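Can you build the whole structure from these sequences, using the hints too?
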Amino acid sequence: MGSHSDQGLDLADGSFIAVFSCYQHAGATPPRKLIFESKLASGEKFEIPLAHNSIVAFSTDSNRRLKHKIVLDPSPQATENQWLGVTFRTSKTLVRFRDGHAFLPEGVHLTLADDEQKREFYRLRRRENNETDFVYPPLTYTISASDLMPPV
0 MGSHSDQGLD LADGSFIAVF SCYQHAGATP PRKLIFESKL ASGEKFEIPL AHNSIVAFST
60 DSNRRLKHKI VLDPSPQATE NQWLGVTFRT SKTLVRFRDG HAFLPEGVHL TLADDEQKRE
120 FYRLRRRENN ETDFVYPPLT YTISASDLMP PV
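Just so we're aligned: 129 in numbering that gives the first Met the number 0 is position 130 of the sequence shown, and the numbers increase by one with no gaps anywhere.
Take these hints with a grain of salt, some might be off.
[To be verified] Straight line, CA to CA, 20 Å or less: simulated DMTMM-like cross-link-like pairs of lysine to aspartate or glutamate: (1) Lys66 to Asp5; (2) Lys32 to Asp5; (3) Lys66 to Asp12; (4) Lys38 to Asp5; (5) Lys68 to Asp98.
[Claimed, not checked] Cβ pair distances, simulated, as ranges: (6) Ser74 to Val107: 43 to 53 Å; (7) Arg97 to Asp132: 27 to 37 Å; (8) Pro149 to Asp114: 41 to 51 Å; (9) Lys44 to Asp98: 48 to 58 Å; (10) Leu93 to Ile69: 39 to 49 Å.
Hint data in this document are derived by calculation from the structure and do not stem from the laboratory. Computed from a prediction, not measured in an experiment: that's the story for all the values here. For glycine and all other residues, C-beta sits at the position ideal for the given N, C-alpha and C.
Next comes the structure, spelled out in structure tokens:
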């Protein structure tokens with residue numbers, strides 16, 4: 000995946016995004032790193048190694064100002080080492096289910112996006128990845144069918 004901001008549509012204001020990393024072989028040099036770059040023309044970049052049993056946390060404010068990507072070290076010294084990365088986020092939207100249907104907090108039925116809504120959503124995502132002050136308009140659809148599945 001290329002450089003991106005995590006989708007802020009449902010991130011709680013003032014919260015954090017955290018990436019937990021662990022590897023099959025704990026002692027090996029971390030072959031992955033998290034690279035951040037500014038959305039502004041300055042193009043400022045910095046990187047953080049994703050060490051075994053580490054957590055990298057960054058604020059939703061940082062997510063608005065920066066794009067990031069996880070890259071594998073291409074050096075020949077890097078050994079094969081399976082990686083598990085888990086991302087944690089705090090959602091600000093509590094979806095309620097009634098009669099097997101998903102509803103937003105305002106009582107509006109959450110639906111699966113049609114083709115035009117999907118195109119619009121991806122236009123919004125592109126803007127979010129390039130603009131530091133982007134704010135999503137209210138949306139009553141999702142592009143993920145799993146959002147419509149009641150919990151078990």
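Hint by hint, which ones does this structure get wrong, listed from lowest number up? 5, 8 and 10
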